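First to last, the sequence lines map onto chains A and B.
Just so you know, the numbering used here puts 93 at position 93 of the first sequence, and the rest follows in order with no gaps.
Just so you know, the numbering used here puts 422 at position 1 of the second sequence, and the rest follows in order with no gaps.
No incorrect hints appear here.
Here are the simulated BS3-like cross-link-like pairs (lysine-lysine), alpha carbons at most 25 Å apart as the crow flies:
# : chain 1 : residue 1 : chain 2 : residue 2
1 : B       : K465      : A       : K346
2 : A       : K420      : B       : K523
3 : B       : K516      : B       : K492
4 : A       : K369      : B       : K519
5 : A       : K346      : B       : K539
6 : A       : K418      : B       : K557
7 : A       : K75       : A       : K179
8 : A       : K124      : A       : K175
These aren't lab readings, by the way, just hints derived from the structure by calculation.
Computed from a predicted structure; not experimentally measured.
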Amino acid sequence: MRNQYVTITHYKEREFYFLNYAIQTEDGFIPKDIEQFHESEKEKFIERIRLLQSQNPSTQIVSISLVTNQKVTDKEDRNRVSAKIFNDNYVVQDKMDIGNIPTTLYFSPFAILYEEYKQKLDNKLTLLIGLFDRKLYMMFATEDKIHQSWVIGTRGLTEKQIADRVYKSMKAYYKISYKFADHIEMLLTDDSPKLLKVLREELSLSILPTQNSIHNLLHYMSGDSNRASSSYIRSSLSLSQGGMNSDFKQSGKLKTSNFSSVENDALHNLDNLKLKGSSVQEGDSFIDKIKNFFSSNSGSKASITNSLLSLIPLFFVVATGFYFNQENKKVLQNIEVSQSQLMLQKNYELLGKNANNIFLAMGKNAELKHAIISNNEIELRGVVWGIEPLRNSLAELYPDGEFVIKPLENFMTEFSFKSKV
Amino acid sequence: MASKAGGLSLMTKIIFSISLLLLLAWVIPSVIGYYQNLESYNLKKATLQKIGFKYNINEEAKPFVLEEFKKENSNLFSEIDVEIVSNNSYNVIGKVDKSKIKSLNSFIESLSLHYLVKLKDNELLYEEKDELLEVKFGLEEL
Numbered sequence: 001m002r003n004q005y006v007t008i009t010h011y012k013e014r015e016f017y018f019l020n021y022a023i024q025t026e027d028g029f030i031p032k033d034i035e036q037f038h039e040s041e042k043e044k045f046i047e048r049i050r051l052l053q054s055q056n057p058s059t060q061i062v063s064i065s066l067v068t069n070q071k072v073t074d075k076e077d078r079n080r081v082s083a084k085i086f087n088d089n090y091v092v093q094d095k096m097d098i099g100n101i102p103t104t105l106y107f108s109p110f111a112i113l114y115e116e117y118k119q120k121l122d123n124k125l126t127l128l129i130g131l132f133d134r135k136l137y138m139m140f141a142t143e144d145k146i147h148q149s150w151v152i153g154t155r156g157l158t159e160k161q162i163a164d165r166v167y168k169s170m171k172a173y174y175k176i177s178y179k180f181a182d183h184i185e186m187l188l189t190d191d192s193p194k195l196l197k198v199l200r201e202e203l204s205l206s207i208l209p210t211q212n213s214i215h216n217l218l219h220y221m222s223g224d225s226n227r228a229s230s231s232y233i234r235s236s237l238s239l240s241q242g243g244m245n246s247d248f249k250q251s252g253k254l255k256t257s258n259f260s261s262v263e264n265d266a267l268h269n270l271d272n273l274k275l276k277g278s279s280v281q282e283g284d285s286f287i288d289k290i291k292n293f294f295s296s297n298s299g300s301k302a303s304i305t306n307s308l309l310s311l312i313p314l315f316f317v318v319a320t321g322f323y324f325n326q327e328n329k330k331v332l333q334n335i336e337v338s339q340s341q342l343m344l345q346k347n348y349e350l351l352g353k354n355a356n357n358i359f360l361a362m363g364k365n366a367e368l369k370h371a372i373i374s375n376n377e378i379e380l381r382g383v384v385w386g387i388e389p390l391r392n393s394l395a396e397l398y399p400d401g402e403f404v405i406k407p408l409e410n411f412m413t414e415f416s417f418k419s420k421v
Numbered sequence: 422m423a424s425k426a427g428g429l430s431l432m433t434k435i436i437f438s439i440s441l442l443l444l445l446a447w448v449i450p451s452v453i454g455y456y457q458n459l460e461s462y463n464l465k466k467a468t469l470q471k472i473g474f475k476y477n478i479n480e481e482a483k484p485f486v487l488e489e490f491k492k493e494n495s496n497l498f499s500e501i502d503v504e505i506v507s508n509n510s511y512n513v514i515g516k517v518d519k520s521k522i523k524s525l526n527s528f529i530e531s532l533s534l535h536y537l538v539k540l541k542d543n544e545l546l547y548e549e550k551d552e553l554l555e556v557k558f559g560l561e562e563l
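For reference, chain A alone in the conformation it holds in the complex (with noise of 0.2 Å):
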């Protein structure tokens, strides 16, 4: 007894965490009575787990991640929790969710998916469908990689609506590489016949189901290393290399104040399926939302008329942006030549009345023969009959000018001033 190896399994649904045990054997495990606990209980719920792990000291303590934000992608996300599923296969999420319950293996639906069917697999696309708390995760799959991957919230939703929901992710994926998938596996957690009727009657495809609970899932998962090797949590595996019936090491409890207990429960729908298996989450660096959104599957049909039709908004930004520079310019023409017009209208204004001030200068007393008016300077010749009348209406006008007068041969007087204005 005191060298039998015990998986202790729990998870959360809804406001209930639901834990079990098993005794892991040579010819499989075997699972005691599962217990619930509200979330009140926390405390007690703890404290059963800590009794079962004192009381079988080669344990593990097992638990399955249900956050929507979880993705299958073909490399490693060092920044993020990742668990490796098979070859290049990765399925990662932002952040670890388990609270401070322990736990030393977590294990993503996604991972339990690719187990569950991982012989099944061949050349052809296999659509894998795993309903975990009303939510579906499904994956593409051919056997040597697997494609495509997103998660379907389905609270609150008819049986009709998730399977129309299904059909569209079918079409969805369809868009990106020409596939239907070739067949349908679905491992349902929770007992609904209804669901899988309509799924049946709606997508015209023969699906074949398997129903296992969660707790005999991870069971499973957590009884062999190998399997287990594709938990998020790889600090605490220091597994023995052997069989089903190998022993896990403790390897220490999970220092539970590394991660956070932050749980995503938004769930994703349709609208929010990414397409590229490269869904950008909420924890996404600036970078990464960029970098994604320049990953590229051009080359569809459909690309070619977005493409055409992304050419609709350039064409109006161009041709707005044309029509305003334009009528800029012709404002900026106009603006120039009224400057220049009030600028000139000061300059004539004191032309205008200089000539006025000099032809009233000159009124009865002389007449002008010759004249140079400008706001700079002024040049007069004329005939003078009243010399001082002249000099002094002159004078008054411009202070520094030179009046010289001079008689001519018969009998009149010339004149001639000069003067800075």
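For this one, chain A is given, so just place chain B on it according to the hints.
Same frame as chain A, but now just chain B:
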């Protein structure tokens, strides 16, 4: 939005990005600049109109057209001759009755409100000829 954009092709994304970039860097500044300049232009136009009222001018200044200029000012000048110096430059020689000197000066004062021209060197040359006053000035189109 970013997640929805993830489903678009690379070309579509590039075109959208260019559109957005042009909108932000070119179109919006052009539109803002246009309306700011238009406001400034309207202000200057209003100032010119206000000055125009002083001289009983209700129309905007028009481009200089030689024949029209001669015709429109035939009342002021007893004789008027305009010689073309170059493409947009002219020399005007007009004879004015001495009784119309005040009108001539008023014409000079409001010249830029009538025509889109400027006086060359801001200079007027007067000469008495045959009991009339001959006035010479150069004009350049704006």
